[in-house]
Structures are given as C-alpha cells and as structure tokens.
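Fit chain D to the given chain V structure using the hints.
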Amino acid sequence: QVQLQQSGPGLVKPSQTLSLTCAISGDSVSSNSSAWNWIRQSPSRGLEWLGRTYYRSKYRSKWYNDYAISVKSRITINPDTSKNQFSLQLNSVTPEDTAVYYCAREGSSSSSHFDYWGQGTLVTVSS
Amino acid sequence: DIQMTQSPSSLSASVGDRVTITCQASHDITNYLNWYQQKPGKAPKLLIYDASNLETGVPSRFSGSGSGTDFIFTISSLQPEDIATYYCQQYDNLPLTFGGGTKVEIK
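These protein sequences, in sequence, are chains V and D.
Numbering of the first sequence is given in my numbering, commencing with residue 1 and proceeding in unit increments.
Numbering of the second sequence is given in my numbering, commencing with residue 1001 and proceeding in unit increments.
Extracted from the complex, chain V is given alone in its bound form (with noise of 0.2 Å):
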C-alpha cells in the first residue's frame, strides 16, 4: 500500500519561500512508472496542478520535471533518492498562494490517474 506523508510548515511570510516535503513509503521515487506531483487547492482557484518529477530510464536515464506555466519562474520539484521522497520549493510568495498543498503520485504507464494522496497541508502566506 502506498503511503505519502506530508511536512513543513503552515505559515510563511511574503515573498519567502514555501518548502513542503513528502515522504513516500510503498513505492519508490525513482520508479519507472510513477510520477510525483504538486496540487493546490484555494476557494478561489479550486483544483490547481503545480508540477511533478518523474524518472524514466527506457531511453536516457534521467529525471524528468513538468511546471504549470503560472508558477514556472518560481518552482523547484526535486525528487531524494536517498530518502525516497520529494521536495516543492516556491519562491516569491504572495497571499494568493495561500492554499492546501497536496502530492500525489500518478501510477501507471499506461494511463494517468492521481492514486494516491499526500493528507494535504494548509500553507497560509501572512506577515
């Protein structure tokens, strides 16, 4: 059973930088056929994809990183492999990232589907 577990913290300053990690047991960082993603959920935005990292070896061995293109100036999704788990770093934040962060595997390769969830954090950006 594949488990993600959620850390950081819930308050950050503008213009800082929010740092959440998340933990993966059941499954690996590294797998050929998983991806590992970033969502965001706001009143006002709703369901937001952020970007993922994912690791494919069927051509070149290499880590592959995706951002939607409204936080791409400002985002770093970094697998560990020593750890197995994932990093969201975004930098510059404003109140209008205040938000649930959630990750997310997507399983398969022949498809593409949100599996398993991380158990959400609620970041609010507040001096």
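For the record, the hints were derived by calculation from the structure and aren't laboratory data.
Virtual Cβ for every residue (Gly too), placed ideally from N, Cα, C.
Incorrect hints may have been included.
[Claimed, not checked] Calculated cross-link-like contacts (lysine-lysine; reagent style DSSO-like; alpha-carbon spacing at most 30 Å): (1) Lys83/V / Lys72/V; (2) Lys83/V / Lys1042/D; (3) Lys58/V / Lys83/V; (4) Lys1045/D / Lys72/V.
[Said to hold, decoys possible] Which stretches of chain V does chain D cover? Using the computed rule of at least three CB atoms under 8 Å from a CB of chain D, they are: (5) 44-56; (6) 64-71; (7) 114-127.
[Stated by the list, open to error] Example chain V residues on the side facing chain D (calculated, C-beta under 10 Å, incomplete): (8) Asn37; (9) Val100; (10) Tyr102; (11) Ser111.
Frame of chain V, contents of chain D only:
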C-alpha cells in the same frame, strides 16, 4: 490550457436517486479523463480513470462514460456516504487541469 467545465456546480438529491454530473472539455481529450470524490477536510479520492474504468475498491454504483469533449459521471443510487464534491480532471495535455467541482448534497 484545456478548460474543464462541470455542471451543475451543486445538486441536492434523495437517497436512492440517480445522480448525473457532466464535464465538458474545451478540446478533444479522447478518453483521458478521471473522476475524483472529495469529502470535507480530505484529499481527493480517485473513482474513475480513463473516462469509464472503475478504480479498484470503488462501489459499482459509480460509473463514467463519454469521449472527446463530453463526459458523464453517474451515481446509480445515491447513498448518504456519497455526500462530497466531485471533480473531473483531464490528462490529455499539460497543464493537467480539473473541473470546478460538483457538490452533492442529500435532500
């Protein structure tokens, strides 16, 4: 970006009723569509993937259909535990996008 439009935004139905939610994509997404259920304070839960495939362990009263731009999600007989908000999500193109949600309540 592919816009996903759900309707209605909310509905009220009686226990045992058949409930239908529609999701329209702004572009043809073939069958690259998933449905999720979210209860208050919880993360979304996958119910249907690839438009019509029931996720393991999900009750058979939930079903999905459609292709191209128009999709339907159905609860064949509404149960009290189905009170939640339901979302569609496309994966035909990045960015992955969600519908605005349909809140289902008991009448």
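Subject >> 30 Å Cα cutoff - pair Lys83/V, Lys1042/D >> reply: Holds, at roughly 26 Å.
Subject >> Satisfaction of hint between Lys72/V and Lys1045/D, Cα-Cα up to 30 Å >> reply: Status holds; Cα separation ~27 Å.
Original post:
Are there at least three residues in the region 114-127 of chain V whose beta carbon sits under 8 Å from a beta carbon of chain D?
Top reply: Since three or more residues must qualify, the claim that chain D covers the region 114-127 of chain V holds, with 6 doing so at under 8 Å.
Subject >> Lys58/V paired with Lys83/V [C-alpha distance capped at 30 Å] >> reply: holds (24 Å)
**OP:** Quick one: see if chain D covers the region 44-56 of chain V, three-plus residues with Cβ-Cβ under 8 Å.
**Re:** Our answer is that it holds, as 4 residues pass the Cβ test (under 8 Å) against chain D, meeting three.
Original post:
Are three or more residues of the region 64-71 of chain V within 8 Å, CB to CB, of chain D?
Top reply: Holds, because 4 residues of the region 64-71 of chain V bring their Cβ atoms closer than 8 Å to Cβ atoms of chain D.
Subject >> chain D contact restraint on Ser111/V - CB to CB distance below 10 Å >> reply: Where the cut-off is 10 Å and the nearest Cβ of chain D is about 5 Å from Ser111/V, the hint holds.
Original post:
Hey, does the Asn37/V contact hint survive, CB to chain D under 10 Å?
Top reply: holds (8 Å)
**OP:** Grab the minimum C-beta distance from Val100/V to chain D and call the hint holds if it beats 10 Å, violated otherwise.
**Re:** Holds: closest Cβ of chain D sits about 9 Å from Val100/V, inside 10 Å.
Subject >> Minimum beta-carbon distance criterion (10 Å), Tyr102/V to chain D >> reply: holds (6 Å)
Original post:
Quick one, are Lys83/V and Lys72/V close enough, alpha carbons at most 30 Å?
Top reply: Status holds; Cα separation ~25 Å.
Of the numbered hints listed earlier, not one is contradicted by the structure.
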